[in-house]
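Asker: Chain by chain, the residues run as shown.
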Amino acid sequence: MSGYNPDELMVVEAARHINDGDVVLVGTGLPMVAGLLAQRTHAPNMCYVVETGPVAPRVLPTPISVSDPRVMHGAVSHGSLLSSLGGVLQRGLADVSFLGGAQIDRYANLNSTVIGNPERPKVRLPGSGGANDLASHSPRILIITRHERRRFPERCDYITSPGYLDGPDARKLAGLSVPYPEISVITDLCVMEIDRATGTLGVARLAPGVTFDTVQQNTGFDLHRPADVPEISPPSGDIVELLRREVDPGGVYLNG
Amino acid sequence: MGKSARNKLMSAAEAVERFVSDGAVLGMGGQSIGRCPMALAFEVARQGKKGLSVVGCNLAMSMDVLVGSGLVSRTECGTGNLERYGTAFRWRAAAEAGELAVADYSHLGMASRFLAASLGLPFMPIKSLLGSDILSTKRGEGPDPEYVLMSNPFSSEGEPVALLPALSPDVSTVHAQKADAAGNFSIEGFSTHEPEMVKASKAVVVSCEEIVDPEYFRENPGETTVPFLFVDAVVHQPFGGYPTSVYGRYEHDREHIVEYQRVARAGGDEYADYLRRAIVEPGDFDGFLDWALTDEKKAALRDEMERLI
Chain A
1 MSGYNPDELM
11 VVEAARHIND
21 GDVVLVGTGL
31 PMVAGLLAQR
41 THAPNMCYVV
51 ETGPVAPRVL
61 PTPISVSDPR
71 VMHGAVSHGS
81 LLSSLGGVLQ
91 RGLADVSFLG
101 GAQIDRYANL
111 NSTVIGNPER
121 PKVRLPGSGG
131 ANDLASHSPR
141 ILIITRHERR
151 RFPERCDYIT
161 SPGYLDGPDA
171 RKLAGLSVPY
181 PEISVITDLC
191 VMEIDRATGT
201 LGVARLAPGV
211 TFDTVQQNTG
221 FDLHRPADVP
231 EISPPSGDIV
241 ELLRREVDPG
251 GVYLNG
Chain B
1001 MGKSARNKLM
1011 SAAEAVERFV
1021 SDGAVLGMGG
1031 QSIGRCPMAL
1041 AFEVARQGKK
1051 GLSVVGCNLA
1061 MSMDVLVGSG
1071 LVSRTECGTG
1081 NLERYGTAFR
1091 WRAAAEAGEL
1101 AVADYSHLGM
1111 ASRFLAASLG
1121 LPFMPIKSLL
1131 GSDILSTKRG
1141 EGPDPEYVLM
1151 SNPFSSEGEP
1161 VALLPALSPD
1171 VSTVHAQKAD
1181 AAGNFSIEGF
1191 STHEPEMVKA
1201 SKAVVVSCEE
1211 IVDPEYFREN
1221 PGETTVPFLF
1231 VDAVVHQPFG
1241 GYPTSVYGRY
1251 EHDREHIVEY
1261 QRVARAGGDE
1271 YADYLRRAIV
1281 EPGDFDGFLD
1291 WALTDEKKAA
1301 LRDEMERLI
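So the sequence lines, in the order shown, correspond to chains A and B. The numbers in my numbering rise by one with no breaks, and the one at position 158 of the first sequence is 158. Counting the second sequence from 1 gives a position; my numbering is that position plus 1000.
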């Protein structure tokens, strides 16, 4: 048995993308776990803002909803959707947002609305929620997802949340206030990052033991093959222990 | 025509009969598994108010029972979702069957539309949604546009900004922790889109865990979320948000929500059986609570919330 599972690897890598003092907009799930880990380790002054409004909560393990009392515990204010998504995000006070979606395409656009024709959906998904707002207004965007070919199509069926839309300057042309965000996609196989020259995702790091070819086989769009790709550092035993004992002690999210 | 500080206490049945009409644009409070106006939504379902447009941000079980009862023709929202417990399944099924019009926005998009109406303004600019299919799938021009794209007239750059129309529900339903008979009420914990939505609505029905003395909000004005001016009916309904959580009062009931999601996903007879047993047969929300909850379970949900705040 290896010392960590794929969820733990993704969470640890995502936590490394959070800097001390960052204002982080987050929902629940693996992103929340990654944020809590960062806060317990190298980023004690990270400030959570939850979509529903709470500012700087002392989150109790392990919340399952943005309406969960665990994400309000010890907050300095409770707030509202308007105060968090308007007054913090659109106002320009967020540093990092976490996002997810059923589909992520070459330009890091996200779909969480429909599979198939929007007029008569094959699968109706939950919709944007705050995701479009987070993607529109965050200078840094982190996406955690399992790496499966169907999740990475050439083009999303529907752009719920904007990545680079269809080119390097497309966000600026569309009028988005953050025209050139950093976007990192953290999967169980690799980390992909936006190349600002093309507005497209490229492989920046590989998970231990994973090859570029494996990533390409599991991705629905062509990836540029870099000459040399560094490996994601595996988490230390101490960090995995912290995750399992304190950050998500019930294994609500870190179960595989 | 003001909404004076008269006594507005009434039953859920009377409030829904008086203020919710067939075809109404119905504002829905709460979010996901938190503080949804379950008693009021169940009463709307019980009275069979038809052709509703349900509007809100994160619509969940209180919307789903209305869709599952065949009473909703349209939703406008950010999401239909119970997060870890899954999609709002009757809503999803109706959308996939083409039986329900779903107008998608982001949460900030919906909150901005309510904010505009709450300020008496016709529209609100927003910098979200730009470049997305949430806008591109809507009418952006013509006689009845759903949004308008314009250049910021105050900037030499003239960068694009989207204008969204104000949204004023015919009636909004919300569940709060405290209210008085005149309709002053207090939401504790996160307040979702409700302050803006309530102030934007033509009529407002608020249910609450606790009725406080008429002097309470005069002595504690910092606690007032919305003053009586905006409110038409006050319904005293302890556990009126059950099975969702109410901050400071009780945690959500995981077992009930998991079972609801199971039957909502299954649809058909199993779902019809839930509606019959939860809504029709009990006759009112206290009857539903008697069917769904023991005193021990109520105490456990209260204790769990106590531990978490």
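Any given hint could be a false lead.
[What the hints assert, rightly or not] Now the in silico label distances, taken between C-beta atoms and shown as ranges:
(1) A:N5 - B:R1276: 41 to 51 angstroms
(2) A:T211 - B:K1050: 50 to 60 angstroms
(3) A:G237 - B:G1086: 30 to 40 angstroms
[What the hints assert, rightly or not] What the simulated footprint calls covered on chain B by chain A, stretch by stretch (three residues with Cβ under 8 angstroms from a Cβ of chain A suffice, anywhere in the stretch; the number is not a length):
(4) 1094-1106
(5) 1302-1309
[Claimed, not checked] Covered stretches of chain A (in silico footprint by chain B; criterion: 3 or more residues with CB under 8 angstroms from a CB of chain B, positions within the stretch not fixed):
(6) 60-66
(7) 78-84
(8) 118-124
(9) 130-144
Just so you know, the hints here were simulated from the structure itself, not pulled from any lab data. In this text, all values refer to a predicted model and were calculated from it rather than measured experimentally. For each residue, glycine too, the CB sits at the ideal point set by N, CA and C.
Asker: Now tell me if each hint is right for this structure.
Answerer: To see whether the hints hold, each was checked on the structure:
1. A:N5 - B:R1276: 41 to 51 angstroms: holds, 44 angstroms
2. A:T211 - B:K1050: 50 to 60 angstroms: holds, 59 angstroms
3. A:G237 - B:G1086: 30 to 40 angstroms: With a Cβ separation near 35 angstroms, G237 (chain A) and G1086 (chain B) satisfy 30 to 40 angstroms, so the hint holds.
4. 1094-1106: Since 7 is at least three, the answer is holds.
5. 1302-1309: Coverage by chain A holds for the segment 1302-1309 of chain B (3 residues, Cβ < 8 angstroms).
6. 60-66: As far as the segment 60-66 of chain A goes, the hint holds, because 4 residues have Cβ atoms under 8 angstroms from chain B.
7. 78-84: Check passed, 5 qualifying residues.
8. 118-124: holds (count 6)
9. 130-144: holds (count 6)
Checked against the numbered hints above, the structure violates none of them.
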